[in-house]
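Novice: Sequence:
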Amino acid sequence: MEGFLFLLSVVFLFSSSAAACDRCLHRSKAAYFSSASALSSGACAYGSMATGFFAGHIAAALPSIYKDGSGCGACFQVRCTNPRLCSSKGTTVMVTDLNKSNQTDLILSSRAFRAMAKPVVGSDRGLLKQGLVDIEYRRVPCDYGNKKMNVRVEESSINPNYLAIKLLYQGGQTEVVAIDIAQVGSSHWSYMTRSHGAVWVTDKVPTGALQFRFVVTAGYDGKMVWSQRVLPANWEAGKTYDAGVQITDIAQEGCDPCDDHIWN
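Per mature numbering (1 follows the signal peptide of the UniProt record, and there is no 0): the sequence shown = residues -20 to -1, 1 to 244.
No lab work stands behind these hints: they were computed from the structure. Predicted model, so just to flag it, every value in this text is computed and none were measured.
Taking lysine-lysine pairs in the DSBU-like style, the calculated list, with each CA pair at most 35 angstroms apart, reads:
(1) K128 - K219
(2) K128 - K47
(3) K219 - K184
Across the chosen pairs, the derived CB separations fall in these ranges:
(4) N139 - K9: 40 to 48 angstroms
(5) W206 - K80: 34 to 42 angstroms
(6) P237 - G27: 33 to 41 angstroms
For each residue, glycine too, the CB sits at the ideal point set by N, CA and C.
Hey, can you work out the whole structure from these sequences and the hints?
Specialist: Here you go:
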């Protein structure tokens, strides 16, 4: 409980020279994987599900975006800056892997890379031939429509002794920085630990049906999202459960410049 209250009271500070932005504009370069399936074994541990997110528009991101796994599932709008080949809107990608290259901020799936091209026959092939392109990118909310966030129980879980989960379809523009778990109806909460990527674990599994509290970064403070009934008492490894809630907050960043205009 003390750890939860500490996280909830955290204030995210920025330098006095940086403005508070919903979207910060970043400039870098992007490359691509020749096959989207190369990202299915990514550091976020989404596995084969990765290529199904955003129609396969996924990316590996540098450590400052990956953030030891808390950046898994973050969405970014990215566009290349070659006006001859590239559209001004670009495409939206979801982070599913860690990029260890020092040449690029993002490595996109080939499908996402091609989607940055102008809607002109042959532009996507011309873009692929470039291999490495200059880009602008900014974080944007993940939009799953009316879909609620899901909790997937990992295959390594053993009821009732060990529970490993990962969150799927997390909306908004925030990061989950802590997860607490308790039996439904109980006020005795215990914390889960991030194991790797998007996976959280505990070997202190409460009995009965389970509820969760998610601590997310929202603005400059931590915010709690309470999911009152997620896993039934007979939860099973390999199954996915509706969390019954969705995260819609837009967390601000400290940056210069901000970029709040619409990319068309």
